[in-house]
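Sequential numbering from 786 applies to the sequence shown in our numbering.
Treat the hints with caution; some may be incorrect.
In silico DSS-like cross-links for lysine-lysine, where the CA-CA straight-line distance does not exceed 25 Å [stated by the list, open to error]:
1) K955 / K986
2) K874 / K841
3) K992 / K852
4) K933 / K841
5) K986 / K904
6) K901 / K841
Ranges between beta-carbon positions, derived for each pair [what the hints assert, rightly or not]:
7) A809 / Q866: 56 to 62 Å
8) V847 / P907: 32 to 38 Å
9) R840 / K986: 23 to 29 Å
These are computed hints drawn from the structure, not numbers from a lab. Cβ atoms here follow ideal geometry from the backbone N, Cα and C, with glycine treated the same way.
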Amino acid sequence: MKIHKEGVSILIILFIVLLGVNLAVYYLVGANTIYNWLTCIITIFLYGFVGFFFRKPNRSMVYDENKIFAPADGTVVVVEQTHEEEYFKDQRIQVSIFMSVWNIHINWFPIGGLIKYFKYHPGRFLVARLPKSSTQNERTTVVIEDQKKRQLLVRQIAGIVARRIISYVKNDGKVKQNAEMGFIRFGSRLDVFLPLDAKVKVKPGEKTRGSQTVIAEFND
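The task is simple: from the sequences and hints, build the whole structure.
This is how it looks when you write it as structure tokens:
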């Protein structure tokens, strides 16, 4: 398991800080005390957790222009018809995936094609499972159009713990299916808005693996 590039600088800084904490405790209270051991155990656990969060899995990428892949690891929390207000302004099927702090937090493009729309929205940091987080939380909105002119909207949403959405999207750029779309730190959610005739392959409560699980198929 590799460390994702978004975690390298954080882990280096954290290592220096935690090393400083251990050295400070060592010189202030002396060697071989309960405080030394407790500090060492706590800092190793903390460093291991942060490293675990920024892990990057080795996955074989799958490509199929008629399939829509999960943009993230997590749990499906919403599958419903809704009115998409920002870009399409019509009825769509919404599939939402919630990522806990234990999930891999890389995001992938569910389809390939051209970026037709991208916008960053500042906002609040409500619990990502709540429906209103889709319109009130900090988020990015991306619309991808494939070679057959089929469009899909993907929304990255920050959660109560997440404090930074990282997006690799460039306006008018071309992207590959299941290439990395971005990263969200420490708990978040992805919304995907599908055409009404899409064949949904998941239901609430199911687990997804980003770039691997097929969440829907285009009807044609």
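Kindly confirm whether 56 to 62 Å is satisfied by the beta carbon distance between A809 and Q866.
At 57 Å between Cβs, range holds.
25 Å Cα cutoff - pair K986, K904
With a Cα-Cα distance of about 28 Å, the restraint between K986 and K904 is violated, given a limit of 25 Å.
Under the criterion that the straight-line Cα-Cα distance not exceed 25 Å, is the pair K955, K986 satisfied?
Violated, because 29 Å separates the two Cα atoms, which is more than 25 Å.
Pair hint K992 and K852, alpha-carbon separation not exceeding 25 Å:
Between K992 and K852 the Cα gap is close to 18 Å, so the pair holds against 25 Å.
23 to 29 Å as the expected CB spacing between K986 and R840, which holds or is violated
26 Å, holds
Kindly confirm whether 32 to 38 Å is satisfied by the beta carbon distance between V847 and P907.
35 Å, holds
Run the distance test for K933 versus K841: straight-line Cα separation, threshold 25 Å.
Violated, because 32 Å separates the two Cα atoms, which is more than 25 Å.
Given the proposed pairing of K874 with K841, does the C-alpha separation stay at or below 25 Å?
Not satisfied, since the Cα-Cα distance of roughly 36 Å exceeds 25 Å.
Does K841 lie within 25 Å of K901 when you go C-alpha to C-alpha?
28 Å, violated
Taken one by one, the earlier hints fail for this structure at numbers 1, 2, 4, 5, 6, listed in ascending order.
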